[in-house]
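Quick mapping for you: the protein sequence lines, in order, are chains A and B.
Residues in the first sequence are numbered from 1 upward in steps of one, following my numbering.
Residues in the second sequence are numbered from 1 upward in steps of one, following my numbering.
Note that these hints are calculated values from the structure, not bench results.
One thing to keep in mind: the hints can contain errors.
[To be verified] Below, in silico cross-link-like pairs of lysine-lysine (DSSO-like), each with a Cα-Cα straight-line distance of 30 Å or less:
(1) A:727 - A:521
(2) A:498 - B:99
(3) A:549 - A:521
(4) A:727 - A:526
(5) B:99 - A:549
(6) A:549 - A:626
[To be verified] Here are the computed distance ranges between Cβ atoms for each label pair:
(7) A:696 - B:32: 45 to 55 Å
(8) A:352 - B:90: 27 to 37 Å
(9) B:23 - A:473: 17 to 27 Å
(10) B:91 - A:112: 32 to 42 Å
(11) B:126 - A:146: 20 to 30 Å
Quick reminder that beta carbons are idealized off the backbone N, C-alpha and C, glycines included.
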Amino acid sequence: MSQMFDFAGTDVAFIDGDSVLTALVRAGIYPAGGGALCCEGDCPHCVATIDGISYVRTCQTAPHENLKVQPHPIDDYPPLPPDRGYGAPPIEYRQCDVVVIGQGESGREASDRATTSGRMVESFDANRGEEVIGIYDGPMVIARTPERIIHVDCEEIVVATGAAELQPACPGNDLVGIVTGRAALRLVAQGVGLGVTVAVGKPPNDLDCEVVEGTLVRFEGVDGRLAAVVTRTESGEERTPCDTAVLNLGIYPRDGLARMGNGLAVSVVGDAGRDATVPPCPSEGVICPCNNVDVDDLQAVWDRGFHEIELVKRATLAGTGTCQGMACMPYLRSFLADRGAALQPPFTARPVARQLTIGEMSAGEYDRPVPRTPLHGEHLALGATMDRIGGWWRPWTYGELGAEYEAVRERVSIGDVSTLGKMIVSGPDAESFLEYIYPTNISTIESGRSRYVLMLNERGYVFDDGLVSREADGTFSLTFTSGGASHAEMWMRDWGSKYDVRMLNQSMSLAAINVTGPLAKELLAKAGVVDPPPYMGHADVQVAGVPCKVFRLSFTGELSFELHHAIDRSVELWRSLLDLGGEFGIYPHGLEALQLLRLEKGHILVGIDTDFDSTPRRIQHEWACKIDKPTDFLGRPSVVRTNEIPLDRLLVGFRTERPTVDGALLYSNGEYCGYVTSAGWSPTLGHGISMAWLYHGSDGQLPGDVEIDGTTATRVPMPFYDPEGVKARA
Amino acid sequence: MLEVLAVTRVVAAPDSLDRATFPSGSIVLRTAPDDAMVIGGGTVQVDDLHAIVREDAGWSGVWVNRAPSEAYLQASCSWPRPSVRPAFAQGAIAHLPVKLWLTEERTLFVFPTALTADFVERTPQEWSA
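Bound-form chain B, shown alone (with noise of 0.2 Å):
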């Protein structure tokens, strides 16, 4: 089901992001070498002093079944997805800036609150039924 998630997003540098420690359980997106979001809430230590950790309630995501996610993905996405899984990957899809997070079961697509209508409008209709 399609939901805002609860995101910490953490801008520090990279080897200091390296070195970080995140909630157990939660799933880290290190979409550059001094960016992560952090999904699924907790309190993260990262030991550079000028580092940006802020909640962020910006971003939605739905978790949809590995097969109807590739059938998706393959008409939606020019790129290659990553052949391993569990894989971060983020790119245009249907023309819209998405993060994937891609585990052997399950493919997690997250994207900006703001265009959830444009998401809506462009993924399946089940995917925010």
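Chain A extracted, bound-state conformation (with noise of 0.2 Å):
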């Protein structure tokens, strides 16, 4: 009994050795409507939509039962899958010293003689089911096999992909019925008949047909199916009626692969390294069968001053379509060489050289991972809206965002600032490399204190900011931002290769809780510390029975603690300092409410109110730039320079009537002069407030008052919480 497979509601019976598209042609079908066909996988004649995959070359897909096949819209792309249901295949990573692409004879010559000097060799073949889709740096082969994306990693790649027989550049070149000669004798092979058959070119041995004199003008059709062959001879054009024509046109090579390895330890050996035969030049027809570029369009563009190839492809897509150029590369070339370019080298070729699906590009991909906090499952449990924020999970907010700021301004609160960037550095050489590497003095930290800090680069712009402590040990304490934690890690062993210094990121190691607010110290009292340290001080103490490095500093303006600690005992402390800010209405903080709470205090965020080109100047932060200290800083000669050009724009602070929004704009008598960088609305003060890059006016000066969304907004300076720092140092 025959099996059978689908073609749009149609069943199509296979025998053993069928391709579906064999099996399609014996039973009066084309896939694509017509065209050459050449059975080798190098023309789009023959792409349908199997088992819902677009663009799938039947002559290389092996049928059986349930196999559903359903042409390509004729004028149209075909639909996109109907569900989600084609996944990511597996990918499977793999080094060797060869890989051997093509297994003919040539390429089975080429794996042998590695294989016997004593390489290891990966061969793929497109008879097997192996596709490679591309070549890549490194060299790295990739394929797509039926199960899976195969990824090689090597150190000589050979092309043995042999060559294609070339499609006809002449009107009636999508008729029914043309073939080139090797898919005449797979055809019969499988037992298609092709009726009356004729062969334009000598035919293949073994397949029994006339052949019509004279050169190919144009194939004659009824109904789309091919109904003769012209031909020009010296007495005219002859008419050969046929069923099929059988073209040997002459051979091309298939390189494109060994054109993507330009550069590459890369070589190509039998007929896919031969020169290319390069056809006449084709008087009209359709040149490109895969984006239907005519001969006429060639024209077009050529008078328009396209003559260099590159430009043909992108001017008319030449080349761009499914068989990527095996069909219209040999005729481009002709056709400009014939017009007086010359003879011009094919295009450039770049992967992937097969369709793929978007599963299939993704195999092997990973979203980017995100870390998460000790205390993730403690926040989910206190109803945290919990939002990717500096290359971390956080809490964005629990829900009362009211309530977390008053807590913070009244009464006591606590945050997870765990993603905060921690490092290490002792070290001979530490101190005189952190004076290099920061624009304030270090020298002058003594034991137990902290100061801020700022990161410049070489250009003396600021990249990050932090604390830096330094410990009784002689060794430091190093914080920086969420975000710019990993580049402040790379920029710090980077530079640290000049000193003799030993440095240890705990960004993922230490756990830190902030206890902000009026109450903080009587919490801490209450989880055992007596004896805080003082401000922008710090010291080892237990906290609940935790072990703690304690800071006291303060980003959101009230009295604060940063109690750092090992990972694995952060949910017990966390939980302590609840428990036991009870009686003092303790709530936590999430981000949002934290972002308000620093802009009241006039805080920067590195990366939000900073720009690229944002010097301490810019940013009014000269005070924490020490420009005269005596040792040389990493940006420096930059800060001195720019600081000698006028300034052009300032990061100011702004009140309003109205709340603002981040990346409002700012104008002035109508003129634009800058944008706000953060903005918010105060319930501390009762106004609005923003930060904003406020650009100099033509006279030089800076705007006073500008106009924020409509409404009028004052400068005034920052803080503007608390401006005499007073709660912070209470």
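Put the complex together from the two separate chains, hints included.
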């Protein structure tokens, strides 16, 4: 009993040795509606949607029961799959010495030679269902099999992909009934009847057919099917009726993969490396069946001045379709040579050589991992809305922004600041190294004390900020911003290589909880901290039985203590603080509240309030840049130079009577003069506050009042809240 | 079984680290010339006055038998692993920063605890059961 697959609702029988295409042609079905079939994967004339995947070459697909084949729409793109059932296939990574692509005679010889010389060889062959889809730097080969995607890192690649038969470029080349010589042999071998057959050019051995004389002019057809071949002979045009035309117009190297490997260790053997046949220039007809580009189109772009093959490709899209130039490349080259642009080399080949599904393209890919603090589960249990901020999952709010804010300003609150970058630096050169890294004085930081620091790059621009603390044993503890920690570590290690220092990154090993609010000391006292460190000091103490390094500083503007501790004790500490703080009305705060609190205090967020070219002067942080300190520091020459230039912009504060938003534009007398970097409504102050970049006017002066979102904004000094810093130092 | 590892980090001058003595039975991963990760706890002796020696609770790990670990790595690790065991290797695996301790019978996968959720999502379910 015959086996069957489905073609657009019709059962199609297939036999052993069939491809989907040979079975279809036997049934009188041409999946793409016509065109010269090659049966070797070189042309676009057999592609169809198979089991929901479009642009599949039916000539290289083995049929099986339950297979469903759909033709592509004639004048449209095939529809997307109806569901999401096409995920990423498995991926496999391999390493070897030599990859041989193609296992014809020359490919097998190359494999044997490499194997005999003791080299590890991987081979791929399209006839085994293994399609190489690209050669990449490395070199690396990526191949697709029916089961998986394979990446192979190797030392050398041998391309042995053979040569394809030329497609015809003349009127009527889209008719049903045109086949290349090799295609004819494959079809006949599978018992497919070709009817009355004629050959254009020398027919393949063993194929019994009439050879038409003369030069191919056109194909003529009836109802889309070939009816005759018309050639030109010395006596004029001759018309030869037939059912099938078998073509031998020459062969063309399949060198697309080899051209992808330009500059890499790629060699080409066999027919893939032969000189290309350049056919006579076509006078009319389609030369690119994938994108329906004809000779008139080529002439039109030529007349508009596109004479380079790369430009003609871009202007017409010839060579960018399913077959990636296998059909059109010979004719593009012959056309341009005929028009006087000399014979040009083939256009650049780029991956991918075969159509891939989105699933296949995503094989082996993952989302960027996002670390979680040890308190992640605690936040969720408290109903927090989590978001990815600064490269971490962090609590944005616990659902009560007002309560979070009030707890900090009026009572006590805790926040998870485990995401801060943290590093220890020690060594004989630790101090001199840090003096060079930071633009502030390090030598004057006493043991047990901390100092706010900017980080400048060589151009004197601010790229991070944090804290430097000197320990009793002479080591230094550093902190960086959450989002900048990775870059800061790279920066430290890079510059540190010139110094005798030791560095340990503890960003993911230490957690940190910020205890903040007027009653913070009372809470810590209940947790056993009777003698907390002074402002900008730090100490190693037990908090609720958990060993902590307690830093006293303030980002919220209130009395604050950062408790750094081992991450495996974090949940215990968090719960203890919440429990002990119950009598003080403790409530945790998330990032949304923190951003408002720090804005009231005028603290910058590097990367939000700063730009890539923010100097200490532009952000009004010259106090943190000791230009006259006795040792040199990174960025100093640039800071000195830019300080000589008249100031062109300043990060300033504005007061508004209506709320504004981040990114709002500033206008002065109708002229654009800057933008808001951070905005909020201060519950304590009862008005809107903004931090904004303000540009100097043409008179060299900073505008005073400006308009933001149609409301007047008054420039005011920062901090907006507690400008004397009394609360933080309480 | 996936677990938080008892780790001591030792950062010291490379020649001092070469001479350091580590607790017997511990696994020492030399992640850099000046950096060692000691798994298993105990006291490290290193003759560098400026060495940084810290207990580090930030690492988790899972032991996996050799065959399933190699099958997983072939599909998740784009770089070649050492051909001889025991050996240490580190790099991106399933786009996660992972350190491997490869013995004849098993492989230890070590990763930052902060990335546990991603690790669990990207490795076979039975590893974290």
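Now the hints, each set against the structure:
Between residue 727 of chain A and residue 521 of chain A, the direct Cα distance comes to roughly 12 Å. Compliance with the 30 Å bound is thereby established for this hinted pair. With a C-alpha separation of about 27 Å, the suggested pair residue 498 of chain A and residue 99 of chain B falls inside the 30 Å cut-off, and the hint holds. Of the pairs offered as hints, the one joining residue 549 of chain A and residue 521 of chain A holds, with about 15 Å between alpha carbons and a cut-off of 30 Å not exceeded. Distance check on the hinted pair: residue 727 of chain A and residue 526 of chain A sit about 21 Å apart at the alpha-carbon level, within 30 Å; holds.
With a C-alpha separation of about 29 Å, the suggested pairing of residue 99 of chain B with residue 549 of chain A holds against the 30 Å cut-off. Taking the CA atoms of residue 549 of chain A and residue 626 of chain A, the gap is about 28 Å. The hint holds against a cut of 30 Å. Look at residue 696 of chain A against residue 32 of chain B: about 48 Å separates their beta carbons, and that is inside 45 to 55 Å. One distance hint, 27 to 37 Å for the beta-carbon pair residue 352 of chain A and residue 90 of chain B, holds here, with the actual separation near 31 Å.
About 23 Å separates the C-beta atoms of residue 23 of chain B and residue 473 of chain A, a value consistent with the hinted range of 17 to 27 Å. In this structure, residue 91 of chain B and residue 112 of chain A meet the distance hint of 32 to 42 Å, their C-beta atoms being roughly 34 Å apart. A C-beta distance of roughly 28 Å is found between residue 126 of chain B and residue 146 of chain A, which places it inside the suggested range of 20 to 30 Å.
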